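Top to bottom, those sequences are chains L, G and Y. The numbers in the working numbering rise by one with no breaks, and the one at position 93 of the first sequence is 93. The numbers in the working numbering rise by one with no breaks, and the one at position 152 of the second sequence is 152. The numbers in the working numbering rise by one with no breaks, and the one at position 77 of the third sequence is 77.
For the record, the hints were derived by calculation from the structure and aren't laboratory data. Since the structure is predicted, the reported quantities are computational estimates derived from the model, not experimental observations. Keep in mind that the hints are not guaranteed to be accurate.
Claimed, not checked - The calculated DSS-like cross-link candidates involving lysine-lysine, where the alpha carbons are at most 27 Å apart (straight line), are:
#1 L:Lys13 / G:Lys37
#2 Y:Lys83 / Y:Lys61
#3 L:Lys29 / G:Lys37
#4 L:Lys3 / G:Lys37
#5 G:Lys185 / G:Lys133
#6 L:Lys255 / L:Lys243
#7 L:Lys325 / L:Lys393
#8 Y:Lys98 / Y:Lys70
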Amino acid sequence: MTKALSIREEVVKERVGLTSNYAAAYAVKAVDVDVIAAYPITPQTTIIEKLAEFVANGELDAEYIPVESEHSALSAVVGAAAAGARVFTATSAQGLEFMHEVLHITSGLRLPVVMAVPGRALSAPISIHGDYQDLMNARDTGWIIMIASTAQEVYDSIIMAYRIAEDRRVLLPVMVSYDGFLMSHTTEPVELYHEEYVRRFTPRNLERYRLDPRKPITMGVIASPEWYYEIKYQVIHTLKESKAVIREVHEEFNKAFGTNYGLIEKFMVDDADYVLITYGGASSGNAKEAARRARERGLRAGVVRIRLFRPFPTEELIEAIKDAKVVAVIDRALTPGNVYEGPVASDVISALYSRGIEKPVVSVVHGISQRTMFVEDFYNLYKMLDEYSKTGKYPGSTIFMGLRT
Amino acid sequence: MIPRSKMANSTVEITFYGRGGQGAVTAAQIIAQAAIKRGLFASSFPEYGAERRGAPVRAYVRLSREPIVAREPIERPNISVVFDVRLLRIFNIPAITRDTIVVNASSKDEVKQELSSFNGKVIYVNAYGIAMKHLGRPIVNTTMLGALLRVLDLVDIETVKALVMETFGSKAGRANAEALEEAYKTAEVVS
Amino acid sequence: MRNVTWRDIPIGGVILEPGNARNNITGTWRTQRPVIDQDACIRCRICWMYCPEPAILELRKPYVTKSGRKYEVTYEIDYDHCKGCGICAHECPVKAIKMVPEVGG
Ligand code: SF4
Ligand code: SF4
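Okay, chain L solo, but in the shape it has when bound (with noise of 0.2 Å):
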């Protein structure tokens, strides 16, 4: 712990104000990066506007370009990367249905680009509002995602995802999620590092294939189906694998910025009979608040968090649930139509499945287009499970809290 806040003192510059968005600006500044280019769209657009201001006044020496869709923004740092440069763009909500396409050649292509996502609801109808429709709309596109619940963690996990996409073994795209408005467009404390031991973080790999006329290559050619499989099956096998990477990017960050980041984090849920399973900012804060209310009402509640959702962190979800007598998936987005309609709690059921576990698992969809999701709702969802638990008759359907009837 002392070492710790040592290490603080050294690597922490300045401790202040920011809206997560602008913590994303400030580590992909704190990165150096070479071109960013990017499409405004709400509630993403304060990424770029912060980040244009850096460019425009000297701060960050990069390519800056304004192009007129998110499908060119990404394509525009899509070609940038492959050239070898490092890259940054953001986008949330129709845009990155805009990009999806690009999206899946980025990964095919295994250029290591990070994005920023600020997560927000799909229209129709139109909603600015958050939630994490957009991005399970984007999580079968091979990329790493990460989704972080405050702002200092959106300025750390940018930093660590630039190490990871271009990490040799890995080479790959990140996204790195967070709620809009809710975490986007609030200020909270960031530490901000200086930027030289950000940089000595992330040094550049420029042992990678790029285009280069002095070394020509060539890149996003057809692929017949001789070989197509085998090069999407290298895609599938490195974002598994990348995992061990992550974890080790992960380790030595804590060690060099004096933090704590696992892949998951655990909050009271060592005896935990109750867990909720959550991620990003809101429904994570809530479930913390409600579940310390919990707690001195004598439930033993906890909450587990993913913050890598792919690859998806199966081992370390499994060792801390599998003592819980219940488990509730909060998701802030939808997959219609499926046994559950929330994304994740289908993916923590084959996680407990792969395994041969058997666990109560129950689906909850909470906080879409923003419908506030107070404390309240996950304490009495606590109670909820406690109700399950002991009568053993679980639900068997998505819970759709919030929702009018």
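Given the coordinates of chain L, assemble chains G and Y with the ligands onto it according to the supplied hints.
Below, chains G and Y with the ligands without anything else, positioned relative to chain L:
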């Protein structure tokens, strides 16, 4: 409503009520920044939506000596900072405020009349008059900050004034800091 | 070939050897072949520009036509890569290229 946890009880929750264009969001930001500067924990967030000039808006601040985990809107603030006396009814402020209402009104009588049902502490300030005097415009956010500082001990006036200077630039910053100072001195405890 | 697994291919399907499309003998795709009448050809270079492969070769090879015109270059077909699309014959302004059936492969 279930009681708050012990941890949450050490948190001070403030809601700013204004109209689009009056700077309620900026005021909330400045208080949060001031607290963060002093090493405290703070979170400030606007009521998110399409912003329209003149429409009633709210901005929230949580302040604490401990890290803040909850991310729910503030339903029952400890302190309500009301930029315009007419907003008291629109947001049902006397009923939801736990401890203190800081209100901009034209007279003490108006405040007493509007807040007869409220049992907590009331701070009255003629923010409109002060803002017109120093800024020549009815932008009352910095003036209201001055009045708020009378009841908020987690942040100090010097830090807030420095942030006001930083936010508004040297010329407008000085005028705003003067308005803040005058409001701090002239705000009256009504009850 | 049989022993090459997914582990052995450069990641991202990157092709490390520049210009290796040359190894793809598209000449086997042909059902008709273009034949240039060197006496009719006016050396305008249009076929050379239009050929998608590119399989029209521009050679430094002097040629004297039957009517006595002297040319410094000759256009010939690279039959290893000409796929027989007929674009050159279609574009030639003096109809100096004829498409003739491939016989016997
Ligand atoms: S037939 Fe087509 S491929 Fe062959 S030389 Fe003519 S244009 Fe080129
Ligand atoms: S287009 Fe016809 S005339 Fe022109 S160079 Fe080719 S063959 Fe000769």
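Okay, the hints, checked on the actual structure:
1. With a CA separation close to 13 Å, the supplied pair Lys13 (chain L) and Lys37 (chain G) stays within the 27 Å bound.
2. For a cut-off of 27 Å, the pair hint linking Lys83 (chain Y) to Lys61 (chain Y) stands: about 24 Å separates their Cα positions.
3. Taking the CA atoms of Lys29 (chain L) and Lys37 (chain G), the gap is near 22 Å; set against the 27 Å cutoff, the hint holds.
4. A distance of roughly 24 Å separates the Cα atoms of Lys3 (chain L) and Lys37 (chain G); the hinted pair therefore holds under the 27 Å criterion.
5. The suggested pairing of Lys185 (chain G) with Lys133 (chain G) holds, with an alpha-carbon distance near 15 Å, which does not exceed 27 Å.
6. At most 27 Å may separate the alpha-carbon atoms for a hinted pair to count; Lys255 (chain L) and Lys243 (chain L) meet this at roughly 18 Å.
7. In summary, the hint linking Lys325 (chain L) to Lys393 (chain L) is supported, as the alpha carbons are separated by about 13 Å, within the 27 Å threshold.
8. Between the alpha carbons of Lys98 (chain Y) and Lys70 (chain Y) the distance comes to roughly 22 Å, so the proposed pair stays at or under 27 Å and holds.
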